[in-house]
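There are 2 protein chains.
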Amino acid sequence: MSIRIGILGYGNLSRGIENAIRQNPDEELVAVFTRRDPSALKVQTEGVTVDHVDHVKDYIGKIDVLMICGGSATDLPKQTPEYAKYFNVIDSFDTHAKVPEHFANVDRAAKEGGKLAMISCGWDPGMFSLQRIIAESVLPEGKHYTFWGKGVSQGHSDAARRVNGVKDARSYTLPVESAMDMVRHGEQPVFTAREMHKREVFVVLEEGADAAAVEHAIKTMPDYYADYDVTVHFISEEEMKRDHAELPHGGFVMRSGVTGENGKHHEFIEYKLNLDSNPEFTGSVLAAYARAVDRMAQKGETGCITVFDVAPKYLSPKSEEEQRHTLL
Amino acid sequence: MSIRIGILGYGNLSRGIENAIRQNPDEELVAVFTRRDPSALKVQTEGVTVDHVDHVKDYIGKIDVLMICGGSATDLPKQTPEYAKYFNVIDSFDTHAKVPEHFANVDRAAKEGGKLAMISCGWDPGMFSLQRIIAESVLPEGKHYTFWGKGVSQGHSDAARRVNGVKDARSYTLPVESAMDMVRHGEQPVFTAREMHKREVFVVLEEGADAAAVEHAIKTMPDYYADYDVTVHFISEEEMKRDHAELPHGGFVMRSGVTGENGKHHEFIEYKLNLDSNPEFTGSVLAAYARAVDRMAQKGETGCITVFDVAPKYLSPKSEEEQRHTLL
Chain H
-9 MSIRIGILGY GNLSRGIENA IRQNPDEELV AVFTRRDPSA LKVQTEGVTV
41 DHVDHVKDYI GKIDVLMICG GSATDLPKQT PEYAKYFNVI DSFDTHAKVP
91 EHFANVDRAA KEGGKLAMIS CGWDPGMFSL QRIIAESVLP EGKHYTFWGK
141 GVSQGHSDAA RRVNGVKDAR SYTLPVESAM DMVRHGEQPV FTAREMHKRE
191 VFVVLEEGAD AAAVEHAIKT MPDYYADYDV TVHFISEEEM KRDHAELPHG
241 GFVMRSGVTG ENGKHHEFIE YKLNLDSNPE FTGSVLAAYA RAVDRMAQKG
291 ETGCITVFDV APKYLSPKSE EEQRHTLL
Chain Y
-9 MSIRIGILGY GNLSRGIENA IRQNPDEELV AVFTRRDPSA LKVQTEGVTV
41 DHVDHVKDYI GKIDVLMICG GSATDLPKQT PEYAKYFNVI DSFDTHAKVP
91 EHFANVDRAA KEGGKLAMIS CGWDPGMFSL QRIIAESVLP EGKHYTFWGK
141 GVSQGHSDAA RRVNGVKDAR SYTLPVESAM DMVRHGEQPV FTAREMHKRE
191 VFVVLEEGAD AAAVEHAIKT MPDYYADYDV TVHFISEEEM KRDHAELPHG
241 GFVMRSGVTG ENGKHHEFIE YKLNLDSNPE FTGSVLAAYA RAVDRMAQKG
291 ETGCITVFDV APKYLSPKSE EEQRHTLL
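Residue numbers (my numbering), protein chains in the order written: chain H, -9 to 318; chain Y, -9 to 318.
Calculated directly from the structure, the hints in this document are not laboratory data. C-beta: ideal position from N, C-alpha, C; glycine also. Treat the hints loosely; a few may be bogus.
[Claimed, not checked] Simulated crosslink set (DSSO-like; lysine-lysine; CA at most 30 Å straight-line): (1) H:K101 <-> Y:K254; (2) H:K308 <-> Y:K289; (3) H:K140 <-> Y:K289.
[Said to hold, decoys possible] Pulled a few chain Y residues facing chain H out of the computed Cβ check, cut under 10 Å: (4) N9; (5) V38; (6) D41; (7) H42; (8) V43; (9) H45; (10) Y49; (11) E126; (12) K262; (13) G273; (14) A278; (15) R281; (16) R314; (17) T316.
[Said to hold, decoys possible] Each pair of labels, with its calculated beta carbon distance range: (18) H:H175 <-> Y:T39: 39 to 45 Å; (19) Y:E310 <-> H:E72: 22 to 28 Å; (20) H:G198 <-> Y:E251: 36 to 42 Å; (21) H:E177 <-> Y:H42: 41 to 47 Å.
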C-alpha cells in the first residue's frame, strides 16, 4: 500500500514536495490543506483533495504523514506541535537557536498522540547536518566548514526590496573560492563572515530613484549586508524576469581532519550540492524522509526526531537485500 | 565507562584503528590478537595486551567490540561468523558479490550468540555506500557514479609485481576528470571502465630486465590493466622509497538527478574523499562505528547489520541535545 501524504500549505516548498511524490511510486498525495479558500486553489496533481486547514482532523486515519510547510518564524512553532498530536508529521524548521524549544514542544505533543514527528528536515538543516555529524564522528581531530551558494537568499532579497527606491531585488549568496581552497589544502582557519561568503544583489530601481543612495543603503544594512563584500547590479525589469526567476542554491560541507601518529596525515571530506531548484530539492528530501517516518512509526516509534535518528535503510524504497546488492 | 575494543590481526588497518581509538576519548584499546607469536609483536599503545588469537574467548566480558581485520578473500568469511558468536564485531568485508552469503552467515552466528555484528564498514563499502543510498533516495530520477582515486591500488600493485622482471611496483587508480565533469554538468552517460578510470604504474626493474616487455606485460594484463589506459613509469628503488611509501586514496560519489515538472531542473550531489592514508581513514570510520555497535547492542539489537542500519546519532560521542545544538 502507498504511503498516504498530506501537505499543509501550498507555496514553493509544497509544490516541490508534490513533484517529488510523483517520483516515488510508493507515495501518494492525498490532500492539500490551505488557510485560503480551497475552491480557489488549483494543485498540479489530478485527483488530490484540496481542503481547508480547519478540516484537517477529518483526515485522521486517511493520511500516514502530514508535511507541514509553514514558515519557521511564526507558523511552524504553532503548527507542528498542534498537528503532531494527530498525525505523523515532518517540518523543515530552520531557526537554529529555537530548535531545543521546538523539539521539546513537538516531542511532548507527538508522544501525547502516539505519533512520530520529524523536525528540521531539508538540506540545511538536513542533508548538511548528516554530513556534519558523520564527518565529525569519523574525524574527531578536525574542523568542519559549511559554505552556502551560489544561490538565492530569499531573506536577503526581501531585505533589499525594503530599501527606498528599490522596485525589485534578488540577492545571491556566494562562497569565497579562496577560503574553500584553504580548507581543501588542509588548513583549519577561523574565518569571519566576510571571509567565507560574499553577496551579489540585482536591483530594479523605482523610476527616478537614486542608484548611488540605494547601493549605499544596501551595502551598509546591518545583519544582512554590512558584514559582507557586496556587489550591486542595476538591471531592468525584463532582465530580472529573464535571468533571475529561478531559485537555485547549494553549498558545501567540508571537514578537514588529521589521523595517525602526531596527526601526520591529512584527511579531507567534502560534500557538495548544486541545485537548480532549492524548493524542489528540499521537497525531494522531505519525500524520502516521509518514507522513513512512516516506517519508523509503524515500528512503534513516537516523539520528536531529526535526521540524526534515521537509519539510512528507512529512506530507500528498496528491500534491505536489494539495498545491499545495489548500493553497498 | 569506555567502550572496550579488541583488534584481531595487526596490519595497516589495525594500526589505523589503533590510532583512531586514541582520538576517541570514550574508547579504549584493550587487546590485540595475533596468529603470530604474541611476544614478538609490539603495538603502539602502552598497556595494551597482546595475545594469541587462540585465547580470544578468554576475553568474553572484557571486550565490548571486536574489530576483525583479516582479508576479505579467505580470512573474514571464516573469522567474522566465528567471533560474532562471542563478541559484538565489525569487519570491513569488501568482496561485493559475496556480501549476501557473508551477511547470512554472520547474521546466523550473531543471533545465535545474541550479539551485534557489522560487516562491510569503511569508506567503500561504508561512507560511499551511505552517500549512494541517501542520494538515490532523495533523487529517485537520476543516476549515481562512483569514481576512485587518486590512490594506491594494492591489488593492482601486487599484480604488477608478479610480472617477470619487476622488482617492485606501485599502481595508482585515477579518475578521468573529463568524465567527472560530464556528470557534474548534468549528463547521465553510461561509461566503460576505461572512460571512468585510468591507471599509473611506477615500476622498479630487476637488473637486466627488458623495460618494453615489462610495460607490454602490464598493459595487456587481463582483469587488472587491459581495460584501462595505463601509463608505466620506470623509477629507481630510491625513488620508490622516497615518493611512493604512503597509501593515499579517495574518490567521489556523484548523483545527477532531475526534479520538477518534466524534470526541468537538474540537481547534483557530490561527495569527495581526499585521503593521505587509506588505512588510517578506514580505521577512523571503524572506530566511529564501534561506538554505534556498542550502543545498538546495549539496546538489545542482534544479528548482522551494515552502515545502512545505523542512525547517525549513534556515531557521535555527543549527547543528542548537543548533537542538535552543534551539528543540526
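Of the hints stated earlier, which fail here? Those not satisfied are hints 1, 3, 5, 6, 7, 8, 9, 10.
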